[in-house]
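Based on the provided sequences and hints, a complete structural model is requested.
In the order they appear, the protein sequences are chains A and X.
For what it's worth, this note's numbering labels the leading residue of the first sequence as 33, then goes sequentially.
For what it's worth, this note's numbering labels the leading residue of the second sequence as 2, then goes sequentially.
There could be a bad hint or two in this list.
[What the hints assert, rightly or not] Calculated lysine to aspartate or glutamate pairs in the EDC-like style (CA-CA distance at most 16 Å, straight line):
hint: 1; chain 1: A; residue 1: 146; chain 2: A; residue 2: 169
hint: 2; chain 1: X; residue 1: 623; chain 2: A; residue 2: 233
hint: 3; chain 1: A; residue 1: 239; chain 2: X; residue 2: 301
hint: 4; chain 1: A; residue 1: 239; chain 2: X; residue 2: 620
hint: 5; chain 1: X; residue 1: 600; chain 2: A; residue 2: 233
hint: 6; chain 1: A; residue 1: 241; chain 2: X; residue 2: 620
FYI, nobody ran anything at the bench for these hints, they're computed from the structure.
For clarity, every value in this text was computed on a predicted model and none was experimentally measured.
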Amino acid sequence: MGNKPKIAFYWCSSCGGCEESLVDMAEAIVELSTQIEIVLWPVAADFKKKDIEAMADGEIVATMLNGAIRTSEQEEMARLLRRKSQILIAYGSCAYTGGIPGLSNQFPREQLLKYVYHDAPSVVNPEGQDPQTEFHDAGRVATLPIFSEVVRSLDQVVDVDYYIPGCAPNPELVLDAIHALLSGNLPSKGTVLAPDIALCEHCPRLKTKPADIAIDEFKRPHQHLIDPNVCMLVQGFACLGPATRSGCGGACLKANMPCTGCFGPMSNVRDQGAKALCALASIVAGTTNEEIDSALDGIPDPVGTFYRYGLAKSMLRRKVNMEPTLSK
Amino acid sequence: MDDKTIGNGSEEVRIGFFICHCGSNIAGTIDVEAVADYVRTLPNVVVSSDYKYTCSVAGQDMIVEDILKYKLNRVVVAACSPLLHEKTFRAATQRGGINPFFFHMVNIREHGSWVHQDRALATQKAMDMARGAIARVKFHKALEKRREPVRQSVLVVGGGIAGIHAALTMANAGKKVYLVEREPTIGGHMAMFDKTFPTLDCAACILTPKMSEVGSHPNIVLWSYSEVTEIKGYVGNYDVTVKRKPRYIKEDLCVGCLDCIDHCVFKTGNTDDEFNQNLSKRKPVYIPFAQAVPRLVAIDPAACTHLNGGKCEQSCATACDRQAIDFEQKETFEHIGVGAVIVATGFKPFDAHRKPLYGYGRFPDVYTALEVERLVCSSGPTGGDVVLKDGSKPKSVGIIHCVGSRDHQTNRWCSRVCCMYSLKLAHLLKEHTDAEIYNFYIDIRTPGKGYEEFYERLQEEGNHFIRGRVGDITDVPIIPEEEGRMIVRVEDSLAGFVRRIPVDMVVLATGLEPREDASEIRRRFNISCSSEGFFLERHPKLAPVSTTTDGVFLAGCCQGPKDIPDTVAQAGAAAAESLVLLDVGYVEMEPMTAFVTEKYCSGCKTCLPLCPFSAISRDEEKGVAVINPVLCKGCGTCVAACPSGAITQNLFEDRQIFAEIEELLVHA
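Set out below in structure tokens:
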């Protein structure tokens, strides 16, 4: 067992979907387990932090870390795993670009805590307690990690070697990555392990998109019947396929939902949200302010539409009146 | 790439920075020495200096010498607008042996010294901008201008005096000219005039020889009764579609004997004669006027009985011994290629109905100036007799200036020609009728050669000049002398009281307006217009006949009101500019165009509808967008919109722009 390559899986600020995607590899993971030694996988097995700390630096061949970095504990684990791993892979949208948790960068930390612990309709907190990082009771101290000012992608905290995009990544992509890893046949550092071309390239609906497309009304998917064969943009749904890396197999479109952009931008795009916004704004039909406003009424949440997965890693990154307390 | 050019992107970046005082234009507000000292400390900067006038020969030589002395491979100049001197400094860079696109310019004059007063802050801003440029220029690449051949032909749109003069000039220089005129004859408004000011030359006598020269010139293809419907392509290589409206005459057979007109079943005219300003009637088969060019009749489908499905013995057709009449004729389309285009589509006279208080259309003897031109003309509807609608001669005439000009209710601009043509008409009316002539004016504007002298002559001839904008024309008399006459009510601003002047005839000196379809024409030729709708020259002083579209030039009143001498001068200038383009024989295409990196293009079609120059098409086989670099103007619209980052624009690459922005904001 000792000479099989050591692999670690870890999670930070995430929903658990990425863990599901590992399990989705089904029998392939059984086969894999004969070739690798899993040294850390908190969701599935009982490994301890001290086991990792006891390892030599670089002893782990590769770590796949999912989830964004929001707390001091997550940052600490990211740094530890970075040190112990030859290769660190940002796994899934949150680790890659901040993901859904990154949307909280629109609000200051204090506002978030106030809402969650006091103002949210479901909160019951009669004593008005706020979360503390330390709690003393009967001579013992319980601690909680520090909740930082902003959500960060993994590479905003530590050096990252590869990225597997997706919310969550699909098993085929993950298997390909692991096989590449085992065979040593790896691309250059920093590569996103998915095809470097937009989803439209493979979309069967593209042929229904006219050359002179002009959108006079954006529609929200839950309010309309969607034609399963026609380009989402032609139907007025804000599909991010043109601005999103492929590799997902068009899963959402197969389920008749527009692409929401989880695979992130192509390699030569610096800001996926800005690009998607530019592209869609360019094909709005109206010429007067009123016509344009009315078309855009169908996009009530532009940040949530164009930066759903990428706000933390984008040029916008966070609301500007905040100062991060944790430095990189 | 030229073998001698250095800078393949791999060698060490060595930047030379030069900051210009521009006399005191920049140095008066910005501490240029401090900026030079600061930039010298930046990475990759090998030399940094300031100079009084960097654009001077000595300043350029300094750049060339420093390139050689310090083995520079990048040059940044902080000076005025790139619009002014980018070319100058690119050329200097090239003389130093570097590809000219390794040069970058920072505008610290228009964006700096001219808009700031605080010396310290303006200096800081100049430093920031320079730092951005230094960061950006590292990422510049060697680029090459491409050359495209220029077709040796020109399209002239509009056959008034402007189009005629431009066409003849080009044709005499040996170029092939296509002259397209909407009406059945060339000649335009000038053909309708009787005399021209201030010399009182007979308009026809000076115009018609030029018209016949156009008609017979071997280098001119004249398409009258035709319109340009589409223009595509780019400077030097325009593809033009011309619609030839059916005139129901076989042009190659008609010799202009006019027998058909004599034999028309209508013995007298049955429809308004536009050429005579509807003051007379013409037949359905007609020639606009005796000296029309081409001398071809036309059949008016609106007035012809046969073409309206009525019963007609078609005597015109039988009268033609050459069988030239063809009632089955349909519109046809000609496709031509030209190197340059001269737009000379003229003007529209102000519609006098828009000033209802002056009674046009309400009182029979209120005329527009153009109507009076026809009345005083010996080939006009009355044979030159100036008579009122009841057949009598007027004993007094009022000429109202500035109708539809200098008027906030209608058009605010001065139409430039009305003062002088009003004086001319005053002289001609006096000559024809010996009536008392009253000129009602706001200011008399005579800024042309011999114009003021003509005004003096008119004053000596006993014409009355009353300064004041006319309030209205009324037919309600208050004293016996006013009975049965029109009364001009005007506040005489010199005398300081309101006058009532009874007259028999009123002439409205209507101003000049853009044509009704000017904005349509403007879009077709992709040129701009000013707020009033006249076509916009590229620069009012330095490029007065050019437009923002290369290879499209302006002549005559489509660009703004002007008299015949100015029109002819401008037409000559437009012809000269076109000749330069054609004679150089090629156009250099700026390399700051956009291109598609195929492997990144998903074929999502986002860019296809966006290009204002129709430069983007789709390669259906490969499923990718393709940009025609010749049509691309480098506007950047598709570059911004491309959601894949597959479209890049030379000199505006992401890494260049972001490097500049990041350095610019580093202290913000």
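These are the hints, each one checked on the structure:
1. With a C-alpha separation of about 25 Å, the suggested pairing of residue 146 of chain A with residue 169 of chain A is violated against the 16 Å cut-off.
2. The straight-line distance between the Cα atoms of residue 623 of chain X and residue 233 of chain A is roughly 11 Å, inside the 16 Å bound, and the hint therefore holds.
3. Taking the CA atoms of residue 239 of chain A and residue 301 of chain X, the gap is about 49 Å. The hint is violated against a cut of 16 Å.
4. Proposed proximity of residue 239 of chain A and residue 620 of chain X is supported: the alpha carbons are some 13 Å apart, at most 16 Å.
5. A threshold of 16 Å between alpha carbons decides the hint, and for residue 600 of chain X with residue 233 of chain A the separation of about 11 Å falls inside it, so the pair holds.
6. Pair hint residue 241 of chain A plus residue 620 of chain X holds up; C-alpha atoms about 15 Å apart against a cutoff of 16 Å.
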